[in-house]
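Whenever a hint applies, use it, and build me the whole structure from the sequences.
Chains as they are written, first to last, in our numbering: chain A, 1 to 231; chain B, 232 to 671.
The hints are simulated quantities; they were obtained by calculation from the structure and are not laboratory data. Among the clues, some could well be false.
Below, simulated DMTMM-like cross-link-like pairs (lysine to aspartate or glutamate); rule was C-alpha separation at most 20 angstroms, straight line [to be verified]:
id, chain 1, residue 1, chain 2, residue 2
1, A, Lys21, B, Glu486
2, A, Lys3, A, Asp50
3, A, Lys21, B, Glu481
4, A, Lys21, B, Asp489
5, A, Lys21, A, Asp65
6, A, Lys21, B, Glu483
7, A, Lys21, B, Asp492
8, B, Lys573, A, Asp50
Label-pair distances were calculated between CB atoms; the ranges are [said to hold, decoys possible]:
id, chain 1, residue 1, chain 2, residue 2, range
9, B, Glu434, A, Gly107, 48 to 54 angstroms
10, B, Ala451, A, Ser148, 38 to 44 angstroms
11, B, Ser457, A, Ala38, 54 to 60 angstroms
12, A, Ala38, B, Arg510, 37 to 43 angstroms
13, B, Gln340, A, His192, 51 to 57 angstroms
14, A, Tyr187, B, Asp492, 48 to 54 angstroms
15, B, Ser343, A, Arg180, 49 to 55 angstroms
16, A, Glu186, B, Ala646, 55 to 61 angstroms
17, B, Arg606, A, Arg47, 37 to 43 angstroms
All values derive from a computational prediction rather than experimental measurement. Even for Gly, the Cβ is constructed at its ideal location relative to N, Cα and C.
Spelled out from the first residue to the last, the chains are:
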Amino acid sequence: VTKAPRILVVDDEPHIVRGLKIILRTAGYAVEAAETKAEALALLAARPPDAVVLDLVLPDGQGVDVCREVRSWSGLPIVVLSAVGDEREKVRALDAGADDYVTKPFGTDELLARLRAVLRRSGESGGSSKLTLGELDIDFADRRLHRSGREVHLTPIEFDLVRVLAQNQGRLVTHRTLLREVWGPEYDDATHYLRVHVAHIRAKLESDPSRPQYLLTEPGVGYRLRDPAAR
Amino acid sequence: VAALQSSAPAAGLGILYLLAVLAVAVRRGQVAALATAVLSVLVLNYLFITPRHRLSIAHSQDVVELTVLLIAAVVVGRLAATGREKAAEAESRAGLATAREREANLIAQAASAVLAGENVQMQLENIGKRIALATGAGHARVVLEPVPSPASGEMAVRLPARSRPAWLYVSRDGDWPQEDIERVAEPLGKLIDVAVEREVVSERAAETEAARRTEVARTALLHAISHDLRSPLTAITTAASALRAPAITEAERSELIDVIDAEGSRLARLVGDLLDLSRIQAGAVSPQPDWCDLHDVVTSAAAQLEADHRVEFSLAPGLPLIRADAAQLERVFANLIENAAKFSPAGSPIEIAAAAGTGRITVRVTDHGRGIPKRYRSRIFEPFFRGGEGGGAAGSGLGLAICRGFVEANGGRIALQSGRSSGTSFVVTFPVAEQPAAVQ
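Spelled out as structure tokens, the structure:
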């Protein structure tokens, strides 16, 4: 029997923490909580959890700083809670190393889905060469993609985009990460490339490209590839 | 010349006359030179050509000599006179160039005055000073007015500015004649246009900047509101889904219900405060003024305090009544007392003092907390401003903004007096109106 994954919740609102603890425990996690940045960093260093749920606004500092510090020594997954409703704050947190975010007030299902996604990725070591996502079968080694058994032809760039998104299955991938992985670091700001290619990919993968089921947009932040059934 | 007649031939003497013609041409110009040439030939003929002392000529050789002499004299005279004219022309051109140069200098000076001045008035003053300096006049001034009003001893020059009618007044003790000054009137007029235009542009820029600041403040406010509304909402929705979880204990259940309860009232309070604040900011507070006794207002406000603090009153007896909205003032003092309780150690007393002074009545609410750091004092009444410590979740950050709004809507003033080492006083003053008949 595997031990329950341990989650550290960092939030200075005790009422939110109280509810979160029960929800996470019921979902099968072991939960610890910290109210301040200092307390969080101390707990993280003493006994690193399997994932962190982190509020962006803390009484003694910014959640972004916690992301940065954690990333300097660990790749453990971080899901950010943002009440700010500000894309820039989210992007700042993601660039500082957060893996995903939910906006307050968030649905419990949404938070749990994000947590599952980030934990799954951190559990995968090296990753296999094949992935099935709903009707999609992706073969990374052969660089081929089948939808319902029929091959879908993707250009090399389109396949690379799908690959990066699929290897982060269910997780948010920022514009910046996609651009760097597919085009290279000098293309950081070329988000218009993404818009064009994502539209092409959707035309090939989605049954209704205007209502995508696989390749979702996080406005102003990035994209996410998910299994439509896995919600 | 007559003295040399024995030793020189007549034509040779004629050369000496040529010298005279040359001298006259250089001094007096062409006409005089011509006259001198003719006269010289006549005199030569009369005095030296045989037959002497008569204007007739005996030898044809002399005729030729005299004719050559005359032609030479005329040519020399002309040449010399042309030279003289050229010299005169060059001289006047140089003079003109100097005049233009000093005019250009003056304009440049005036232009730099426009660039250096902060506003049109200052720029006009500077232009006046520079003109006085450049023209050597005792004083000069530029005035924007439609009808000239020179002082005595001043000449008035119209400056043809398109933006506004302008006049230059220069005292008559300067080195420049009026027409020279008039020559610079047009460029000066254009400079005044530039100055006026600059002021308009900078005024517009200031307006834009003010609008931008308001926009920034509004965005910050919205930001704060959305953050403050989302926190209790998140606590409520989280608690609600936690309640749905299958395996929770009875203790947890009641705890979660308490959370929903508390956060619900926090949300309600916040929404109420936001409404008050927006009414205050829109100037729609509309107090219902009536005679009210601050003694009653303060004691009933203090009675609402739930926290563990002792309230000590020192209210002067027989305080005059004021005209104000009692309900709004009660909100004010309840807020101040609650604030005092929040920011001072449990059990420490909160002091409320009231006294009447000259035409004013003053109420002071004092706590024994840590005081408010200097850097926060000027911002303490701003909406959503929280002084850092003291519990982020505890208040909306709107209390003091609302206090100030209500106090001012009721004709009073509120100020912060932070103690030397510790403690904070909020001082509320109201004007004392003439008392109603029954009380006098």
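- Within 20 angstroms, alpha carbon to alpha carbon, are lysine 573 of chain B and aspartate 50 of chain A? Given that 20 angstroms is the threshold and the Cα spacing comes to 38 angstroms, the pair is violated.
- Message: For lysine 21 of chain A and glutamate 486 of chain B, compute the direct alpha-carbon distance and say whether it is at most 20 angstroms.
- Response: This hinted pair holds, its Cα atoms lying about 12 angstroms apart.
- Message: Run the distance test for lysine 21 of chain A versus glutamate 483 of chain B: straight-line Cα separation, threshold 20 angstroms.
- Response: Given pair lysine 21 of chain A, glutamate 483 of chain B holds - Cα atoms ~11 angstroms apart, limit 20 angstroms.
- So does arginine 606 of chain B sit 37 to 43 angstroms from arginine 47 of chain A, Cβ to Cβ? holds (39 angstroms)
- Has the hinted range 55 to 61 angstroms been met by the Cβ atoms of glutamate 186 of chain A and alanine 646 of chain B? The hinted range 55 to 61 angstroms holds for glutamate 186 of chain A and alanine 646 of chain B, with Cβ atoms some 57 angstroms apart.
- 20 angstroms limit on alpha-carbon distance, applied to hinted pair lysine 21 of chain A and aspartate 492 of chain B: Judged against 20 angstroms, a Cα distance of about 18 angstroms means the pair holds.
- Message: I want to verify a distance hint. Is the separation of the beta carbons of alanine 38 of chain A and arginine 510 of chain B within 37 to 43 angstroms?
- Response: Between alanine 38 of chain A and arginine 510 of chain B, where Cβ atoms are some 41 angstroms apart, the hint holds.
- Message: Can you confirm whether the C-alpha distance between lysine 21 of chain A and aspartate 489 of chain B stays at or below 20 angstroms?
- Response: holds (16 angstroms)
- Message: Please verify whether lysine 21 of chain A and aspartate 65 of chain A have alpha carbons no more than 20 angstroms apart.
- Response: violated (23 angstroms)
- CB-CB spacing for glycine 107 of chain A and glutamate 434 of chain B relative to the 48 to 54 angstroms hint: holds (52 angstroms)
- Query: Could one say that the CB atoms of serine 457 of chain B and alanine 38 of chain A fall in the range 54 to 60 angstroms?
  - Reply: violated (27 angstroms)
- Message: A range of 48 to 54 angstroms was offered for this pair. Does it hold for the Cβ distance of tyrosine 187 of chain A and aspartate 492 of chain B?
- Response: holds (52 angstroms)
Of the numbered hints listed earlier, those contradicted by the structure are 5, 8, 10 and 11.
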